[in-house]
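Sequences listed follow chains A and B, in order. The opening residue of the first sequence carries number 1 in the UniProt record's numbering; numbering runs sequentially from there. The opening residue of the second sequence carries number 1 in the UniProt record's numbering; numbering runs sequentially from there.
Check the hints yourself; a few may be wrong.
[To be verified] Straight line, CA to CA, 27 angstroms or less: simulated DSSO-like cross-link-like pairs of lysine-lysine:
(1) Lys87(A) to Lys291(B)
(2) Lys102(B) to Lys87(A)
(3) Lys129(A) to Lys388(B)
(4) Lys46(A) to Lys87(A)
(5) Lys291(B) to Lys251(B)
[Claimed, not checked] Selected chain A positions facing chain B (Cβ under 8 angstroms, derived; list incomplete):
(6) Ala8
(7) Thr13
(8) Ile17
(9) Ala21
(10) Pro41
(11) Gly56
(12) Ile58
(13) Glu64
(14) Gln90
(15) Ile112
(16) His131
The set of hints was computed from the structure by calculation and includes no laboratory data. Using N, Cα and C, we set each Cβ at its ideal position, and we do this for glycine too.
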Amino acid sequence: MALDRWIALIFVTFCCIYGYAAFFTMDQLLPPFMQRNPVWPSTFPKVLAVLGTIVGMIVLLGVEKAEDKDDAPSATEINYRRLGDYKIGQALMLLGLMVLYALMLRPAGFLISTTTFLVVGSTILGERKFHIMIPVAALATGFVWYLVQEVLGIFLRPFPFFMGM
Amino acid sequence: MLEGIFIGLEAAFSIQNILMVVAGCLIGTFIGMLPGLGPMSIIAIMIPVAITLGDPAAALILLAGVYYGAIFGGSTSSILLNAPGVAGTVATSFDGYPMARKGQAGKALTIAAVASFAGGTIGAILLMIFAPALSSVALLFHSAEYFALMVVGLSAIAAFAGTGQVAKALMMTILGLILATVGEGALFNMPRFTMGLMDLQSGISFITLAMAMFALPEAMFLVLNPARGASNAEGGSNKITNLRFSREEGKAMIPVIGRQSVQGFFIGVLPGAGATIASFLGYAVERNIAKGEEQEEFGKGSVKGLAAPETANNAACTGSFVPLLTLGIPGSGTTAILLGALIALNVTPGPRLMTDTPEIFWAVIISMFIGNLVLLVLNLPLIPYIAKILSIPRNYLIPFILFFTLMGAYIGQNNSTELLLLVGLGVMATILRFADYPLAPLLIGFILGTMLEDNFARSMQLYRGLDFIIERPMTLGLLVLAGLLVLLPSYRTRRARKRAEGVADGD
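Chain A with its partners taken away, still in its complex shape (with noise of 0.2 angstroms):
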């Protein structure tokens, strides 16, 4: 079975799941005053669940034919057959590096943090050239700060949370 349709069955359970939320279980909370509306905060999730549903069972059938498309996906196209022959331990280490970022930001403060992703994250592409990649992204770092916090008002804390700011 193809990946779209493997998408599609999960596309299906998940709408089973989503539809099994909004029949049975939303309307328990629901007070006694708002039964008598027309409409519940339940009714819309239960049109999508069933709407969901069919036209996931439609994709996941194959109802509607796709186009006979000669299957050679171009150079710069990705064929995820083959994901072992592309650059997938890069990708990889690069979403492992956001979701440190996103950990660290607020206690190690916005300058350490956004300079040390920015040249971790050259690095694990292949950059050597430290004497250029840090700078960079001290200036690009220091710049954005300025613009954001003190140009445009919107507060990022600069430093590690234990100097105080």
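Fit chain B to the given chain A structure using the hints.
Just chain B, lined up with the frame of chain A:
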């Protein structure tokens, strides 16, 4: 009307006001390029500055400049990085980004600038002519019609999908609508599908989803397959020689600009519809009108596909001033903030604005012309420098794209859970792209979801059930149109296949 135009010219053409327009356009363009800061937030940030000016006309002129600048800036990041920072420029990235990847970034930006200019200017002319009359028509639209209009908008995305893709596009739309139900709905004050997480109480933010659907998968694809980034060089984008579009392309654009500035303007007039729907509908309509090869081009860097949403969103922005200036009803988030600024300056927009303080009314309209012109004059020379962003080496560019993606989601919410959500949704979007699912419908469904449900619920309450569909002919008409839009593509393919089979059989 002529008298009014002269009053407006007099007010707008003072040295102070011209400086305001120039400053506003520049500030708007540069801040608008940062994903995550759309026109709404930029105008909100500029309000204190505008109020200290004291002069309502000057303040409005400054804010109008910022508004147009921000929309153009937003298109820049859509075209260059596939990172639409504003809902209204999502459609711009459909053809703008493929064009930039073909090494025609400069040309794409020029087309965007010219189309925006034309859309904004024609919109302003229409505003001058139709403002008074239109305000009464806009009031005829009730929540039932809005509901139906949005269903039409969502069905129009069937047009985004190619043949055999309609069901997939609909599936993504429904997923978008489902994501929009997370959090506390405006009408019910009851958290839904938050799974007990406090961070989901206010729902998923638009910026997070937009970044996750477009910018992040694109960056991941660039990482996975370095050949993808290298394709930039095909057309010699490092030099960015071809800023101009050819005469034929210009000719192809003219009818698109003509149609979309009118259509965009009238959609913009409807309160609540605004630039987003205008740009999506504009794209869909042009794609459906185009024939044969031209239609194939859409999504792969079509000139028409870029010009259509750019013209429509600027014309709609102008159109959204109609309900604000004539009725005092803001049609969009941005005009709502402008309304706040006006009230702070002791001007009450409404039916009496045109008669009591004509100089303000006309100064705003004239400043739209100046704003559009200044934007074109300022930005055309800047385009080569802006487009240089793409010639930054890959090892530097990708971390920066990821960083701006994360920043966009973070600035709006100041919440690092949002960043985790972004990464999670981004991985999901990347997998969906592997399987050839279109992602734009998901985002459109998400954007329209809340409005759709609110209007649906309101009409249900007003008519105590589904009677509004029968009792309001306009609603019924729009819903029928929506059904046709969904069914037409599959009917067409079926007929084409039958015909092809017939040929094969020899008749």
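Results for each hint:
no., hint, in the structure
1, Lys87(A) to Lys291(B), "violated, 39 angstroms"
2, Lys102(B) to Lys87(A), "holds, 23 angstroms"
3, Lys129(A) to Lys388(B), "holds, 21 angstroms"
4, Lys46(A) to Lys87(A), "violated, 42 angstroms"
5, Lys291(B) to Lys251(B), "holds, 16 angstroms"
6, Ala8, "holds, 7 angstroms"
7, Thr13, "violated, 13 angstroms"
8, Ile17, "violated, 10 angstroms"
9, Ala21, "holds, 7 angstroms"
10, Pro41, "holds, 4 angstroms"
11, Gly56, "holds, 6 angstroms"
12, Ile58, "holds, 5 angstroms"
13, Glu64, "holds, 5 angstroms"
14, Gln90, "holds, 5 angstroms"
15, Ile112, "violated, 14 angstroms"
16, His131, "violated, 14 angstroms"
Against the hints set out earlier in the document, violations occur for numbers 1, 4, 7, 8, 15 and 16.
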